[in-house]
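Peer 1: Single-letter residue listing:
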Amino acid sequence: MRPSLAIPPGGSCRLSIAGLTVEIAAKLTMKSDFELPGDLASFETPPATPDVSLVVDSRPSVGATTAPAVYDSGLNWLLREESGRRVFESYHIHQGLLVSAATQDSRRYDVLFHEENWERIWSLTRGDHPGFQLPYPMHQLVLLAPLARESGFLLHASGAVIDGQAFVFAGHSGDGKTTLSRLLAAEGLELLSDERIALRKQGHGFRAYGTPWPGEGEIISSASYPLGGVFILRKADRHRVREGRPSLLAAELLSRAIVPYYFGRETRTILGLVHDLATSTPLRELEFSLSDGLLPVLASAA
Amino acid sequence: MSNNEEARRSRKTYGKPEVRRIELRPEESLAAGCKTLSSSESGQPSGTPCTVNGCFDIGS
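Residue numbers (our numbering), protein chains in the order written: chain A, 108 to 409; chain B, 127 to 186.
For the record, the hints were derived by calculation from the structure and aren't laboratory data. Worth double-checking, as some hints may not be accurate.
[What the hints assert, rightly or not] Each computed DSBU-like pair below joins lysine-lysine, with the alpha-carbon atoms no more than 35 Å apart:
id, chain 1, residue 1, chain 2, residue 2
1, A, Lys308, B, Lys138
2, A, Lys308, A, Lys342
3, B, Lys142, A, Lys342
4, B, Lys138, A, Lys342
Work the whole structure out from these sequences, hints included.
Peer 2: As C-alpha cells, then:
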C-alpha cells in the first residue's frame, strides 16, 4: 500500500484515533520523511491539544537499551523498562533493531529509527521506499496506555451501525469478522471495521469507534457511535441471537480484547471497563451463517 | 400470591459450580501477531509473523 501521508523533517500532523488526538512530529534531523499508511489519511484532524505525541527522529545507528525485557512478543517486538521509562523496540529478524519508542508517561513517545538497518531492509526488499514507517504493531502498542487512561480499549471485533447505534461483533481470528462484515455490507449497513474496534466509556454507557486497522475486508472508518450492543461471534448453520450467561460472555469478551498485561495499571483499568461494559450494555452471542436474513435477526435484538 | 411465594418463584435455580475454559490467544490479546493486510504485496500469507520477511503493513 502506498503511503498517502508523508511528514517531512520538521513537519507534523494530527490524527484522531478512538477520540484521542495523536500528534506526530518529525524532527529536522530526521534523514527522510516519516510515512503513514494510506489508511490513516481519513483520520487527520485539525490542530488540537494532543492526548499523545510521537516525536520521530533517526540516527545512523541506534543501540538497544540494556534494561531487561519486561515482555518479549517472540515475534518482532519487545518491551523494556528502565527507571520508570517504557521502551518498545521493534526488530527485523535479520537486520536487528529497526525502531524504538520510549516514554515516561505514555503521553509523549520519542521514536528513534535506526537508519542503516532500515535502509538495508528496503534495499533488500523493494529498494524504492526510503521513508520511515512504524512496523506493525507499533501504532497500536503506543496507543494502548493512552487509550486506557481515557477509559478505552481495543477489541478484536467488527462493527456496524443500526439506527444510529453501533453493534460490535467480537471474534478471534477465524471467527468470521470479515465474513460477517461482508454480509452486513450487503444489507446496506454502515461498517466501522472488520477487524478492530475501540470502545470508550462515556457516562453510563460506551461509544464504539472505527479504527485504521482493517482485516481482509479492508474496512476502515473514523466514525463513532453510541454502543448499542456487543455480540460474541459464533459460526453456525443459521442466524440466531442467544442470551448466554453474563459472566461467561464477559470472560469471552475479555479474551477478545487487546490487553497490555505487562502494564499492571492499564490491565486493571481494562478489566474494570470490561466489567462495566458487561453490566451496562447488552452482551449476547450471535450465531450466524452465510444465508440471507441476518439484518432482521439483528434488528429484532437491537 | 403472597410475598413469600413470589420471592420463591423469582429465586434462581441452584447450579452446581463448574469450571469453564475460555480460550485466550496470547498473540491476539497482546497484539503480538502480524496478519499482513496485503499478502500479494509482502509475499506472505495472511497471519505470517512479521519477522519472516519484514512486513510493514499496518494490517491486523
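Peer 1: Mind listing which of the numbered hints don't hold for this structure, in increasing order?
Peer 2: none
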